[in-house]
Every structure is written in structure tokens, then in C-alpha cells.
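Just so you know, the protein sequences line up as chains G and Z, in that order. Each position in the first sequence, counted from 1, maps to that position plus 110 in the numbering used here. Each position in the second sequence, counted from 1, maps to that position plus 1009 in the numbering used here.
Hints may contain errors.
To be verified - In silico lysine to aspartate or glutamate, DMTMM-like type, Cα no more than 25 Å apart, as pairs: (1) K1062/Z to E383/G; (2) K378/G to E1096/Z; (3) K195/G to D210/G; (4) K1062/Z to E1163/Z; (5) K378/G to E1091/Z; (6) K342/G to D397/G; (7) K1225/Z to D402/G; (8) K342/G to D1214/Z; (9) K1062/Z to E380/G; (10) K1062/Z to D402/G.
Unchecked claim - Simulated restraints, written as ranges between beta carbons of each label pair: (11) S1319/Z to K406/G: 54 to 60 Å; (12) Q117/G to P1099/Z: 16 to 22 Å; (13) I1213/Z to A198/G: 17 to 23 Å; (14) P1236/Z to R249/G: 52 to 58 Å; (15) S168/G to E1293/Z: 16 to 22 Å; (16) E262/G to T1209/Z: 37 to 43 Å; (17) S168/G to A1185/Z: 34 to 40 Å; (18) E1091/Z to E350/G: 37 to 43 Å; (19) S1104/Z to D167/G: 35 to 41 Å; (20) R1218/Z to R132/G: 35 to 41 Å; (21) T1118/Z to G194/G: 37 to 43 Å; (22) Q1131/Z to M302/G: 58 to 64 Å; (23) N329/G to G1089/Z: 41 to 47 Å.
Think of the hints as simulated: they come from the structure by calculation, not from any bench. If you're wondering where the values come from, they're calculated on a predicted model, not measured in any experiment. Don't be surprised by glycine CBs; every beta carbon is placed ideally from N, CA and C.
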Amino acid sequence: MSAPRHQPSDEPVYRESAPVVRVSALRGGHCRLRLGAPSIAASIRPGQFVNVGPPGDSTLLRRPFGVYQTLDRTDIELLFKVVGKGTAALAEVSPGDELDIIGPLGNGFDLSEDFAETAVLVAGGFGVAPLYALAQALREKGSQTYLFVGTEEDVPVETSDSSMQLSFVDPDVKITLTDFEELGAVARVASMRHRPGFFHGLASELLERFLHHAGSGCNARVYACGPWAMLKRTAGIAAEYNLTCEVLLEERMGCGIGACMSCAVRLKGENGEPVYARACVEGPVFDAAIVDWDAK
Amino acid sequence: MKPSLRTTIAGIEMVNPLMMSSGTFGFGEDFTRFSDFDNAQVGAIVLKGTTLKPRLGNPPPRIAETPAGVLNSIGLQNPGVEAVVTEILPRLAESGLQTPLVANIAGETVDEFAELATRFSQATNLAAIEVNISCPNVRHGDLDFGAEPRPASEVIAAVRSAPHLPLIAKLTPNTARTVDVARACVDAGADALSLINTLTGMVIDLSSRRPLLGNKTGGLSGPAIKPVAVAKVHQVFDAGGHLVPLVGMGGISNGDDAYEFILAGAAAVGVGTVLFYNHRAPREISAGLAAHLERAGFRRLSDAVGAAHSKKHWRKGSDETT
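Given these sequences and hints, build the entire structure.
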């Protein structure tokens, strides 16, 4: 909790009855959900999240979601995978239904500095969801963005074959995420299975190859979201190359606004003692250098 | 005439009987980020359970949703009494907050409880102290203060010997001896009783085949526990709990629930888990409760306290003599 950006925000939180504008089922149980939420859409920043109330009485607690993108400054779009009761109910909503949502919540990615000419995004599976809004913001800042996604399942969003040749992977590694490619980002997908067009290995290995190839003068910033083991490897590689790395951590959450202390993330305290920070207000984005990676 | 919700228990003067439950409301500084939430809407704020030393809390995961309930094992993560008394309470005073504040203290020994009470009595903006002899997520060796009358009584007596603030003993449902513990607390000097704290529970993760929570067990709250809580309030009121005011809590989500607790014998009610998913609950509960009182012809809240009991009992809950 040393860096100022890990202080809870005092920005207002809005509660909106958000009409479902569009819901689309995607491959592999993924779902894209567009909601009308003008107050949240106008103020949310990349890495912040919303807490979505259950459709009907399907669950008690709200469920936290990163925002894939904001549209027309009035709508937000969520991208998620059906993993339990809450997400299953959410995938069943229809246009015109209303969802009770609160946001923006938490601290987003640190976009206050404009030095990062290169940004490398690393995602595991649907961990890619909160990174698209980040990629949009990075483009506005003029950063060249790379995205490496690791998945053993279906890629959560639309893919296509990139025509761009990359120096750090074989030319047949060409599957890209269409949304990101259209932003001018370079994206590739990794899998531990042999799959045509995929990089055979881990997403973090793509990061390592990229950094190795770019050499020691590379002024890159690393951003990651996904499973703990992937984040831990990514944080380790960034540290080896002396690069700032921000990770978006997903934890089981209660209230979402800092009152209940449920979503604890173990950090390395200033005196070496561990401290628990709340993912919902001090996070969900943390400087990877202060996360206690041995906690899980 | 609209019935008044103004409530005074153990000297705590409240605009309504809704006390934000300890552990669900932080130190009163979180929910105010909602533009339509104002601490002035609530009767009192019971602060996060505080220990003598700063406390790290339990390893995550700390929360799991269960049918109509929430299982938590926070483990009393808090900054310690020093920070609460010298930083947080002064900050709340400076903010101009008028809502009564109740400290919630959790000691590991009888002496620690006494010291916590002494430290908190130095604060100028506390209305009362709630004595947490019932946290299910923190063990004191083999000792569970709230499960048996004698240790409960020792804690209350020790805290009583510290200065002046009204004391509320918070009781656990995780004992067959709730009534005996309640009596012991009153005899030892408790000015009010709050009940119930959470019920001990467990969730096992089917894929890892291990308990889901980092602490293995947790405390169950939310609508799932409401009938248990109503029964405990009714039981304690019936057994003499009407001699001191009861703060009833456990799954209160709307005006119906609050009214039910009042009828069972609660003079005030705790509002907790519902805040996690509906920050407008305090306003909605107040409105719902007032509507019930009006419909039933009660002129004030205290007239309805314990109305579910036979007359000889419930009249004692009211200050009316006729």
C-alpha cells in the first residue's frame, strides 16, 4: 500500500438500473453483455469494475466484473465466462431486462504517466476482458501495445489471422484478437496444446521472448490479468527486466466498496510484515512489486 | 399521526432503531461514497471489531455465498485500538458526523477486554461499547467467551469496571445456553444485549475437495439465519431479556423483517449483510417499519416491542403502565 494509487478513491459511486441493450453468447461459454449505464460509463476508467446485482433472486450478492469497453459514453460492455450460478443467471438475461449495478469501483490502471512508448498486456483466458479498455486508452496516449493471451479453451473474443510478421515468433503463429488488431495493437494467442496458429507455450513465454528480442533499452510497461500462477510468472519476468508491472487481481468479494474486508490480497508491507489490502478499493489493480506472490 | 421511530436504548439516542452491524459497515466511511447514502439516515453505527493490537485477519478466501446467506471468515482484520482512538474516531468527529457511534471490542483475554474498554472510554465521540464475546472466526485457545455463562460474565464484569460507557453484550447463537449467557451478562452489568452474531458454517469446494474458506469455517449471515435469530430474541426476551433492551439482528433485509424482530422483543435492530447488496436498505427498512407500526396502531416503536409475547411479558418492554 506504499504507492499513492493504492489508496481508496473518494470518487462517487453510482447505482443504476441498467437496461440490457444486447446480450451475445460467444464460444466456450463466454458472453458479451451491453448495458445502458450513463453515469458509470461517463466516469469509469480502465481497470475499474462494476458490481452487478443478480437478475431476479438468483443470488444474494452482486458479482464484480471488469468492463470490456464503454460505448457512446452511455453504455458499458461486459465480457465474462459462465463459471457459476451468478454468471449463469447473467447470461440468461434479455434485452430490455434491467440490472441493478454499482460503479465505478476500485482503482484502475495507472495511466497518469505518459512515458510508456511500449505496453505489453498479458492475459489468461477471459482475463483479457478488462484489458481492451486499457488498450484503447494506451492507443490514445500513443503507446504501441502488444497483447499475449494464454488459453486452453476457446478464445473469448473474435479472432482472425494477422498478416503482420513478428520477429520473435514463427510466422505460423498468426491468430490475433480482431478488436485489438483494429486498435493497432499486436496480439497473439498461446496454448499449451498444439493448435494451428497458436504459440505453443505460455503467454508469459511470449512476453519473455518479446522482451528478450527488444533488448535492454526497451522502455515497456507490463499489465496483466488472469490466473494467479500466470500473474506470478509475468510479475517475475517484468522484475527481471526492471519493468513496472501492474496486475489486476480477481478476488471473491462482498460489498465491493471497502466495508467488509472480504476481498483480501496479501501484500508485502513496508517493514517486511505482510498486510492485507482490499481488492475492491486499494485494488483491483496492484503494482506487482508489492504483491506477496507466495500467498497462494 | 405518523408513529415515531426515535429510539433510546442504554442511553444511545437514535433517530431510528437501525444499528449498522459491526463488520458490515467498516468505520462508517465507505457507504458515504454513494451519493444517495447519508449516515444521518441510520440510528447508530457499530464500528468494525477492534483488538488491542493491529490484526492481520484470516487468509483468503474469506467469503462464500450460500443459499440465502453469506459465509465469512474475515478474522477481525483491523488497525488496532490505538489507530481507532487516535486517528479514526477524531476524523469521524471532525467530519461533523452526528450519528451515535458504538465501538465493538474483541479481546483474547479478560484483561484485554478490560483494557480495550478503558482505551475506548478516552474517546469523546462514542455512545457505547459492544462487547464481542461471540466472534466465530477467532479462537482464544479453548476458550469461547460467549458459549458459557461464566466466561461471558467475567468479561462483562471486567469491562464494567472500566469507565462509564453503556455496554452491549453481543451474544452468539453457537451455544445451547443462550438464555443463561444472556442472564449472566445482564447480572454482570450489561446495559443491553445484541443477538445474534453469525452461525458457524462451512462450504467445501467440490473441485479441490477442501474447505473453501481459508479459515475452513466461517460465520453465516443473511436471510438464511433470520428464523434462528428471531427465535433467540424471542427466547431471551421471554426469559427476562426484557429487563434490558435487546438489539435483534440476523438477516434483516426489509421493514417486514425489522418489524418481526421488534415483535419478538427487540428494542432496536442490527442491519448488516443486506448492505452488501443494497445500500438503500436502511431507508427502505425505516419506511417499511413505520408503515407497519402505523397500520397496527402503535404510536411509537417501544409500544410494539415484544408484542409477539403474552401481555404480561410485552408490557414490560414498554414504559406504559396502563
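Checked hints:
1. K1062/Z to E383/G: holds (14 Å)
2. K378/G to E1096/Z: holds (23 Å)
3. K195/G to D210/G: holds (17 Å)
4. K1062/Z to E1163/Z: holds (21 Å)
5. K378/G to E1091/Z: Holds - the C-alpha atoms of E1091/Z and K378/G are around 22 Å apart, at most 25 Å.
6. K342/G to D397/G: Answer holds: K342/G to D397/G is near 12 Å, not above 25 Å.
7. K1225/Z to D402/G: Distance of about 21 Å is within 25 Å: holds.
8. K342/G to D1214/Z: Cα-Cα ~23 Å, so holds.
9. K1062/Z to E380/G: holds (18 Å)
10. K1062/Z to D402/G: holds (22 Å)
11. S1319/Z to K406/G: 54 to 60 Å: holds (56 Å)
12. Q117/G to P1099/Z: 16 to 22 Å: This hint holds: roughly 19 Å between Cβ atoms.
13. I1213/Z to A198/G: 17 to 23 Å: Hint holds: Cβ distance 20 Å, inside 17 to 23 Å.
14. P1236/Z to R249/G: 52 to 58 Å: Distance hint for P1236/Z, R249/G holds at roughly 56 Å.
15. S168/G to E1293/Z: 16 to 22 Å: Holds - the Cβ-Cβ distance for S168/G and E1293/Z, about 21 Å, lies within 16 to 22 Å.
16. E262/G to T1209/Z: 37 to 43 Å: holds (38 Å)
17. S168/G to A1185/Z: 34 to 40 Å: holds (35 Å)
18. E1091/Z to E350/G: 37 to 43 Å: The hinted range 37 to 43 Å holds for E1091/Z and E350/G, with Cβ atoms some 40 Å apart.
19. S1104/Z to D167/G: 35 to 41 Å: holds (37 Å)
20. R1218/Z to R132/G: 35 to 41 Å: For R132/G against R1218/Z, whose Cβ atoms are near 39 Å apart, the range 35 to 41 Å holds.
21. T1118/Z to G194/G: 37 to 43 Å: At roughly 41 Å between Cβ atoms, G194/G and T1118/Z fall inside 37 to 43 Å, so the hint holds.
22. Q1131/Z to M302/G: 58 to 64 Å: holds (60 Å)
23. N329/G to G1089/Z: 41 to 47 Å: With Cβ atoms ~42 Å apart, the hint holds.
In this structure, none of the earlier numbered hints is contradicted; all agree with it.
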